[in-house]
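Each protein sequence line maps, in turn, to chains A and B. Residue numbering for the first sequence follows this note's numbering, beginning at 1 and increasing consecutively. Residue numbering for the second sequence follows this note's numbering, beginning at 162 and increasing consecutively.
Treat each hint with caution, since some may be false.
Said to hold, decoys possible - Sample of chain B residues facing chain A (criterion: CB under 7 Å; computed from the structure):
{"no.": "1", "residue": "253"}
{"no.": "2", "residue": "255"}
{"no.": "3", "residue": "350"}
{"no.": "4", "residue": "367"}
{"no.": "5", "residue": "609"}
{"no.": "6", "residue": "611"}
No lab work stands behind these hints, which were simulated from the structure alone. Glycine residues also receive a C-beta, built at the ideal position from the N, C-alpha and C atoms.
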Amino acid sequence: MNLKPATLAQIDEVITHYPVKRSATLPLLHLIQEDAGWISKEAIEWIAQKLELQPINVYEVVTFYPMFRQKPIGRRHIKVCRTLSCALTGGYKTCEAFQKEFGCHTGEVSADGEVTIDFVECLASCGTGPVVMIDDDLHEKVDAAKAKALSDQIRKEALKK
Amino acid sequence: MSAPSQRRLIFAHIDEPGYTNDLACYLKHGGYEVMKKAFTRPPAELMDEVKKSGLRGRGGAGFPCGVKWSLVDRKSGKPIYLIVNADESEPGTFKDRYIIHQDPHQLIEGTIISCFANNVKQAYIYIRGEMPHGARILEKAIAEARAANLVGKNILGSAYSCEIYVHRGAGAYICGEETGLIESLEGKRANPRIKPPYFPAVLGLYQCPTIVNNVETLCHVKHIVDMGGEAYTKIGTPNNTGTRIFCVSGHVQRPGYYEFEAGKITMGQLLNEVCGGPLPGRTFKAVIPGGSSAKILRFGERFMGKRKVGADMVDYDWGVEDVPMDFDSLAMIGTMGGSGGVIVMDDSVNMVEALANINAFYSHESCGQCTPCREGSLWMKKITTRMVHGEAREADAALLKGVADQIPGRTICAFGEACSWPTQSFIAKFGDEFKNYHQDKKAAKPADALPLI
Numbered sequence: 001m002n003l004k005p006a007t008l009a010q011i012d013e014v015i016t017h018y019p020v021k022r023s024a025t026l027p028l029l030h031l032i033q034e035d036a037g038w039i040s041k042e043a044i045e046w047i048a049q050k051l052e053l054q055p056i057n058v059y060e061v062v063t064f065y066p067m068f069r070q071k072p073i074g075r076r077h078i079k080v081c082r083t084l085s086c087a088l089t090g091g092y093k094t095c096e097a098f099q100k101e102f103g104c105h106t107g108e109v110s111a112d113g114e115v116t117i118d119f120v121e122c123l124a125s126c127g128t129g130p131v132v133m134i135d136d137d138l139h140e141k142v143d144a145a146k147a148k149a150l151s152d153q154i155r156k157e158a159l160k161k
Numbered sequence: 162m163s164a165p166s167q168r169r170l171i172f173a174h175i176d177e178p179g180y181t182n183d184l185a186c187y188l189k190h191g192g193y194e195v196m197k198k199a200f201t202r203p204p205a206e207l208m209d210e211v212k213k214s215g216l217r218g219r220g221g222a223g224f225p226c227g228v229k230w231s232l233v234d235r236k237s238g239k240p241i242y243l244i245v246n247a248d249e250s251e252p253g254t255f256k257d258r259y260i261i262h263q264d265p266h267q268l269i270e271g272t273i274i275s276c277f278a279n280n281v282k283q284a285y286i287y288i289r290g291e292m293p294h295g296a297r298i299l300e301k302a303i304a305e306a307r308a309a310n311l312v313g314k315n316i317l318g319s320a321y322s323c324e325i326y327v328h329r330g331a332g333a334y335i336c337g338e339e340t341g342l343i344e345s346l347e348g349k350r351a352n353p354r355i356k357p358p359y360f361p362a363v364l365g366l367y368q369c370p371t372i373v374n375n376v377e378t379l380c381h382v383k384h385i386v387d388m389g390g391e392a393y394t395k396i397g398t399p400n401n402t403g404t405r406i407f408c409v410s411g412h413v414q415r416p417g418y419y420e421f422e423a424g425k426i427t428m429g430q431l432l433n434e435v436c437g438g439p440l441p442g443r444t445f446k447a448v449i450p451g452g453s454s455a456k457i458l459r460f461g462e463r464f465m466g467k468r469k470v471g472a473d474m475v476d477y478d479w480g481v482e483d484v485p486m487d488f489d490s491l492a493m494i495g496t497m498g499g500s501g502g503v504i505v506m507d508d509s510v511n512m513v514e515a516l517a518n519i520n521a522f523y524s525h526e527s528c529g530q531c532t533p534c535r536e537g538s539l540w541m542k543k544i545t546t547r548m549v550h551g552e553a554r555e556a557d558a559a560l561l562k563g564v565a566d567q568i569p570g571r572t573i574c575a576f577g578e579a580c581s582w583p584t585q586s587f588i589a590k591f592g593d594e595f596k597n598y599h600q601d602k603k604a605a606k607p608a609d610a611l612p613l614i
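Pulled out of the complex, with its shape left as it was, chain A reads as follows (with noise of 0.2 Å):
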């Protein structure tokens, strides 16, 4: 595993939030995938040997839980939340307009590496629906035309870089 001397320091230190090893196996693979974008083979066996595991162990929780992916997506995450609120608002027509934008179907890396769109389960914000995630950040009110200017945000963004 080629991790961060700071990703490693953050697994050390979390380990030690609980009396029980196994326990820091959310914190862990959190701490994985933000530093290497998804959970690897190998990442599952580095954090069994770690937590003194069997690897199992490790894989169950990963196939569990949806944020733990086993495939690099694109550079950016946009997850369109899908459930009833949003839905009422028009959650399914912001998630149309993503796709349209980038050409490309949901649980898809786009042609130019760019972006994953997923459609998700509700995102607890319901009250200002629909809304998005775009990485870390919550995007309130996404309706098709908001969704065309933050997908040209992003692409903006990509062209900095």
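Using the hints, position chain B against chain A.
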């Protein structure tokens, strides 16, 4: 009768201009004074205040908090844990988000007071994975409080020590169920545990006695200890004490969060006056009053029966608009107050499509442990999705009901009820719409109709 004005207890500083989520601002507004006062009293007295207050859990079930605390095994000699349930995931609910983002120290103070009352030395805040900023804000707030000796070892020289750590979930709704949450905190799949015989109060986290309380509930504890349990009962109505935060979403003019004394406002006042009524040119069709698993109510239906007012039994004859928004009244008319998430649907909504949306959610979120829930939620989703996108049949309503009726009571946790209640209630209230859907769907849809599935 016009709607009462809001009574902001928990949300006192939410959206207040100039109010920030750092420690300095919280201290300027009298922060941690209640905790200091609490440390001078015996823990048993604090527990008694909470019991007297009648506080009911704000996570969904409405279980009395004082009773929950009194069930904790204090003789085992094992450490007692407290877990803050910040896994806010019930569709339609978005209250804890604002407490965490805008007033995190209120939650920390309520948590430390609750820990002190229950002799807890270690607390965890289990926050849902989709709130990364919320987790960072809480971690920063705890670090600030620790630096000021308000959390950690020997708090303010009281000889009492208590540590709080933030633990992030990873997108699984079932982690809101307290035993699923405990499994998740132990680093496992969030499969809920069988209970009885052992509840978390006896065997919880690491097989130690554990208290799991909702974010809002713990904030209420701070205010109860501040004003006294007796005074707290004066807010709200008997058996529904304190304030309630309603999260209104869907088809109203002003969706949002509103805090009122429990039971002092009716559904009609909330939706028509506070939220500004239906969207232009629309009328209300249905409302789900307590998060998406609560049974739906149809505008136009009447509820009749007898209820207790003081010592007397009086007749009631309510429309949906007349129902007081409290746990007991909503239970009386066959639904629940739940988590306070009010989802409103107007006459543009087709009920088959709305149910298909809900069913897709529950099918996605079933942990898969119990066959009736795993298969039942999946088939309810498949049937309703087929009705919308494929061929619909007249017999589908009966088929759906048949599936839904076989789930509740046959599962380890309450998810079985949560996933079947929408289907059961949608068909009971809008049965014709389901039976006629195969005909109705042939009609042209208005251009502005929104897809729901």
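| Are there hints from earlier that the structure breaks, and if so, what are their numbers? | Violated: hint 5 alone.
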